[in-house]
Amino acid sequence: MPRLTRTLSALAACALAVAPSAAQSVKVDPKLSVYKKTSGITGNLNSVGSDTLNNLMTYWVESFNKQYPNVKIQVEGKGSSTAPPALIEGTSQLGPMSREMKGEEIDKFEKKYGYKPTKIAVAIDTLAVFVHKDNPIKEISLEEVDAIFSKTRKWGAKADVKSWGQLGLKGAWASLPLSLYGRNSASGTYGYFKEHALNKGDYKDTVKEQPGSSAVVQSVSTDKGAIGYSGIGYATSGVKAVPLSMKGRYNDQAFPATYENALNGKYPMTRFLYIYVNKDPKKAFDPLTREFLKFVLSKEGQEIVVKDGYLPLTAAMEAGELKKIQ
Amino acid sequence: MKPSPAQDAVLRRAKRVDRFMALLITLGGLGIISAVMGMLLFIGKEAFPLFRGARSEARPAFMAPGALLLDESGKAAAALSPSRGLELLRLPDGAAVRKVEGGPALPWTAVQPFGPRGGALVADGEGRLHGLQVKWSKPAGDPDPAHWDLEAAWSAPLPNPGPGARVLDFRMAEGGGLEGGLVLKAVAATPEGLVRAEAGPGQAEPTWQPFPSPGTITAAAWSQDGGQLSLGTAEGRLRTLDAATGGLLAETTFPEPVTALGWVLGGNALLVGGQRGSLAAYQLLRTGEQPVLQELHRFQPLDGPVRGFRHSLRDKRFLTWGDRDLAVDHLTTERRLLHAWAEGTVHGALSPRGDLLTATDAVGRTRAWSLDAPHPEVSLGALTGKVHYEGYDKPAYVWQSSGGTDDFEPKFSLVPLVFGTLKGTLYAMLFALPLAILGALYTSQFATPRLRNAIKPTVEIMAALPSVVLGFLAGLVMAPLFEKLAMEVLVFPAALLALAALAFPVWTRLPQRFRSLWGSGREVLWAGPLLGAAALLSLGAAPAFERAFLGGDYCHWLLSAQGVTFDQRNSLVVGFAMGFAVIPIIFTLSEDALSSVPKSLTSASLACGASPWQTAWRVVLPTASPGIFSAVMVGLGRAIGETMIVLMATGNTPVLDWSPFNGMRTLSANIAVEIPEAPHHGTLYRVLFLAAFLLFLLTFLLNTAAELVRQRLRRKYESF
Numbered sequence: 003m004p005r006l007t008r009t010l011s012a013l014a015a016c017a018l019a020v021a022p023s024a025a026q027s028v029k030v031d032p033k034l035s036v037y038k039k040t041s042g043i044t045g046n047l048n049s050v051g052s053d054t055l056n057n058l059m060t061y062w063v064e065s066f067n068k069q070y071p072n073v074k075i076q077v078e079g080k081g082s083s084t085a086p087p088a089l090i091e092g093t094s095q096l097g098p099m100s101r102e103m104k105g106e107e108i109d110k111f112e113k114k115y116g117y118k119p120t121k122i123a124v125a126i127d128t129l130a131v132f133v134h135k136d137n138p139i140k141e142i143s144l145e146e147v148d149a150i151f152s153k154t155r156k157w158g159a160k161a162d163v164k165s166w167g168q169l170g171l172k173g174a175w176a177s178l179p180l181s182l183y184g185r186n187s188a189s190g191t192y193g194y195f196k197e198h199a200l201n202k203g204d205y206k207d208t209v210k211e212q213p214g215s216s217a218v219v220q221s222v223s224t225d226k227g228a229i230g231y232s233g234i235g236y237a238t239s240g241v242k243a244v245p246l247s248m249k250g251r252y253n254d255q256a257f258p259a260t261y262e263n264a265l266n267g268k269y270p271m272t273r274f275l276y277i278y279v280n281k282d283p284k285k286a287f288d289p290l291t292r293e294f295l296k297f298v299l300s301k302e303g304q305e306i307v308v309k310d311g312y313l314p315l316t317a318a319m320e321a322g323e324l325k326k327i328q
Numbered sequence: 013m014k015p016s017p018a019q020d021a022v023l024r025r026a027k028r029v030d031r032f033m034a035l036l037i038t039l040g041g042l043g044i045i046s047a048v049m050g051m052l053l054f055i056g057k058e059a060f061p062l063f064r065g066a067r068s069e070a071r072p073a074f075m076a077p078g079a080l081l082l083d084e085s086g087k088a089a090a091a092l093s094p095s096r097g098l099e100l101l102r103l104p105d106g107a108a109v110r111k112v113e114g115g116p117a118l119p120w121t122a123v124q125p126f127g128p129r130g131g132a133l134v135a136d137g138e139g140r141l142h143g144l145q146v147k148w149s150k151p152a153g154d155p156d157p158a159h160w161d162l163e164a165a166w167s168a169p170l171p172n173p174g175p176g177a178r179v180l181d182f183r184m185a186e187g188g189g190l191e192g193g194l195v196l197k198a199v200a201a202t203p204e205g206l207v208r209a210e211a212g213p214g215q216a217e218p219t220w221q222p223f224p225s226p227g228t229i230t231a232a233a234w235s236q237d238g239g240q241l242s243l244g245t246a247e248g249r250l251r252t253l254d255a256a257t258g259g260l261l262a263e264t265t266f267p268e269p270v271t272a273l274g275w276v277l278g279g280n281a282l283l284v285g286g287q288r289g290s291l292a293a294y295q296l297l298r299t300g301e302q303p304v305l306q307e308l309h310r311f312q313p314l315d316g317p318v319r320g321f322r323h324s325l326r327d328k329r330f331l332t333w334g335d336r337d338l339a340v341d342h343l344t345t346e347r348r349l350l351h352a353w354a355e356g357t358v359h360g361a362l363s364p365r366g367d368l369l370t371a372t373d374a375v376g377r378t379r380a381w382s383l384d385a386p387h388p389e390v391s392l393g394a395l396t397g398k399v400h401y402e403g404y405d406k407p408a409y410v411w412q413s414s415g416g417t418d419d420f421e422p423k424f425s426l427v428p429l430v431f432g433t434l435k436g437t438l439y440a441m442l443f444a445l446p447l448a449i450l451g452a453l454y455t456s457q458f459a460t461p462r463l464r465n466a467i468k469p470t471v472e473i474m475a476a477l478p479s480v481v482l483g484f485l486a487g488l489v490m491a492p493l494f495e496k497l498a499m500e501v502l503v504f505p506a507a508l509l510a511l512a513a514l515a516f517p518v519w520t521r522l523p524q525r526f527r528s529l530w531g532s533g534r535e536v537l538w539a540g541p542l543l544g545a546a547a548l549l550s551l552g553a554a555p556a557f558e559r560a561f562l563g564g565d566y567c568h569w570l571l572s573a574q575g576v577t578f579d580q581r582n583s584l585v586v587g588f589a590m591g592f593a594v595i596p597i598i599f600t601l602s603e604d605a606l607s608s609v610p611k612s613l614t615s616a617s618l619a620c621g622a623s624p625w626q627t628a629w630r631v632v633l634p635t636a637s638p639g640i641f642s643a644v645m646v647g648l649g650r651a652i653g654e655t656m657i658v659l660m661a662t663g664n665t666p667v668l669d670w671s672p673f674n675g676m677r678t679l680s681a682n683i684a685v686e687i688p689e690a691p692h693h694g695t696l697y698r699v700l701f702l703a704a705f706l707l708f709l710l711t712f713l714l715n716t717a718a719e720l721v722r723q724r725l726r727r728k729y730e731s732f
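So the sequences go chain by chain: E and A. With this note's numbering as the guide, the letters of the first sequence map in order to residues 3 to 328. With this note's numbering as the guide, the letters of the second sequence map in order to residues 13 to 732.
Okay, chain E solo, but in the shape it has when bound:
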């Protein structure tokens, strides 16, 4: 009998260690607004942009459609950099992006419409560094991440990192070469990682560019020596998100990507996910787009965020965003 109990408690410990992988335990802010349906909402919307937000957009559209069966929304997600051209050409009304628009993109928009696009933060993401699930690595510093992924090493690492042994792994792992996976350059995640993990340096030529976040995670889960990055929402059981530390912050301590660590800034790669819209400040905002954004920001919308593995906005953040679309 004691043996059985021991096994059970070991199992329970394992389950505990695996289960709260960032998002499951997250509760949305109870003070978030509750979405109220309005009448007379019909029409079509197109969304072109971020791949990180692709699943989330699809879930939102699904739930939104339950409230408004006459609304048709198409979602296309190839990368954040596809959002500004589509917004400018008018082929989309919603531009989900996992990074902020660049000045050059805003210039192009302004040149066509005479005003700037409106940026609505819709969720929080912790950009995670993933390794194969069997990989014993405990934590990793941004400086090491930089030395792994970058050829310019702007965080100041002295040597290039090519094998897992250089990151402190022992035994058979020590001589295993690193296999690098990343996103294609259209991705906002690519840009964000470049800015924060590489300190605006350049990627190595050997980083294998994958067309989507799920492709990165899929590749990492089938390649033992792999290391890759993507939004936390794409985590699967085949990969492990490594806690990150940053030199000179919190005594170089590493923090896992939890909601708490994201909100208090301990996790070094936390970002907002945005939807950009074309809102003429002199005219009334298109009711369909407005209702969709209201729904996204509401409690229902933010519960979907949690379900998809990302982190919800707080009520204070929501109030600020709602003001922009009034």
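FYI, nobody ran anything at the bench for these hints, they're computed from the structure. What you were told as hints is all true, and nothing was included just to trick you.
Chain E is faced by these chain A residues, among others (derived, beta-carbon under 8 Å):
#1 L325
#2 H568
#3 T577
Simulated pairs of lysine-lysine, DSBU-like, Cα-Cα distance not exceeding 30 Å:
#4 E:K156 - E:K242
#5 E:K110 - A:K57
#6 E:K29 - E:K242
#7 E:K284 - A:K87
#8 E:K301 - E:K285
#9 A:K398 - E:K164
#10 A:K147 - E:K285
#11 E:K325 - E:K309
#12 A:K87 - E:K110
#13 E:K296 - E:K39
#14 E:K68 - E:K285
#15 E:K160 - E:K268
#16 E:K121 - E:K284
#17 A:K57 - E:K114
#18 E:K325 - E:K74
#19 A:K496 - E:K206
#20 E:K285 - E:K296
#21 E:K284 - A:K147
#22 E:K325 - A:K150
#23 A:K150 - E:K284
#24 E:K309 - E:K68
#25 E:K68 - E:K38
#26 A:K147 - E:K326
#27 E:K140 - E:K160
#28 E:K249 - A:K406
#29 E:K39 - E:K301
#30 A:K150 - E:K285
#31 E:K110 - A:K147
#32 E:K172 - A:K496
#33 A:K87 - E:K285
#34 E:K135 - A:K496
#35 E:K160 - A:K398
#36 E:K242 - E:K268
#37 A:K111 - E:K118
#38 A:K87 - E:K326
#39 E:K114 - E:K325
#40 A:K150 - A:K87
For clarity, every value in this text was computed on a predicted model and none was experimentally measured. The beta-carbon is built from N, C-alpha and C at its ideal position, and this holds for glycine as well.
Take the given structure of chain E and dock chain A to it, following the hints.
Same frame as chain E, now just chain A:
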């Protein structure tokens, strides 16, 4: 004999149909040619504006009270002068719209002009220094500058640095903490040497601290994060100090006395101007053991001492002005976008978008130029040659076209892409050529007709496999499998050859009756068991081989002994998958060519006593060579243009390395990956069209060469 009326009618109809078809075919052919030409024209039209030079135009001059900060729209500017303070001007006429109140009491004794982000320094009546941060405040969507305003934030003052002091550089930053507020850092040259001070919320009373550094310091520049201070001296020394400790990080020499220092957007490239007009960019490289100051680029000199720099907030262009002239250059390509004569410029300004610049002289006369340079980051040299990019220790061929921020330096070298295209094609052809041609030779010359009728359609069905499916299989199934079984796969050909060498003598000793019944034309049936046996043998032998020669694990061995990293998505996998796409084409066309060699030739050869193998090798193969050659060329064209397989099976890594154990990025896959993100008519968009043009040219040249060779071969073997 005259044809009967009925025959006549048939003949006439046949002729009519004939003429009609001839016309239709001619029209179709012409249509295809014009469509191809139209495509080429379109691609060229989209690509070639890349190489259009920059256009600039002088705008009417106006009077400005002092140093200017241009708004991004080019319709307004902030002006700062000791006598009139901060004002908002309307452009292009320079009329004052409103005065902005606040700050120390007028008149001021001196003004240090605006940086690109709107920071300035003002000395009040007692010589104390106040930091000023200006922001535009515009009602949303209001294009009229008359309704705009400026928000000015002032920092806590620094004390008077003393008589004879000259402020070299200052830095404004948003302070941390709940209070916010501005942190002002300044460095000044005094008769007693270099001093610096810092003022900010929650800090003690600021004082000027000596900051010793040898030589006559003539220029200084704070790094973007304030952590380092770069100095230039009259003796032509250039050094970077740790701003906190004053310790020397790196030092180098500049060929002439340094008169001005500045930054390019991003704060990586330090601009240095000299007494005789020399102009260069340096960078502090920290990846080695010791940080070094390294020359990054050298630009065409100005005509006289360089006085100041301003950079744009969108790309790597910057304005330099001297005593007699001014210029706008681009860092990456070293291209001069504009050069103009402007006597006695004291303050220069470049708009955030880099499309408008002004030069103001001591009395306030301001000249302005508009600059239209849509693609300054591209030049023929940058596309085809090695370029020394920021953060790199030496010039390199790099393709890295976009980043998430404006201060990213785009890297558009087509060399890795062309290289990747050739590499992918090479590995595909290495795999496909022998299999396809020898297979065709066997099928056409040795196989029994029944076997041949089964093999050919089967191979042709392979061609029907969509390349997306092939790419998907290669990337997600084959690549991990190959990683596990790489040794087995590499040992397999050797095992097969060894087994075949063993089996052959056995075969020749078998009775003639058995051989003619089960052999001639059906040898391929025996290949099945042979292949199976070889596979088993390699499965058994590979681990032993790996233990004996490669220390147990080929991945580790490659990395430690050869310095080669084994990548799961590598050229062998791509070659294999692309070979799959190419084999059916080469096989079918070669087989047709080989089968259409006249029977009379083979019969004659056999009758003269040549063996079937001699006949096939010496008579059939040369005669069919024009056809086989075109088959190979068609296959090559397919491999060069192949997109989906490479896109999905490689990591699209733009490496310059022939190693079969890593991947590649091809022209075609690159276009497919990046065109959705490329803004219409932006630089990336046009560079991608240029890549398409190159691809077009490559296939066009290849096909033309192939056709010429084929014609020659045909003439040579026509006599048969």
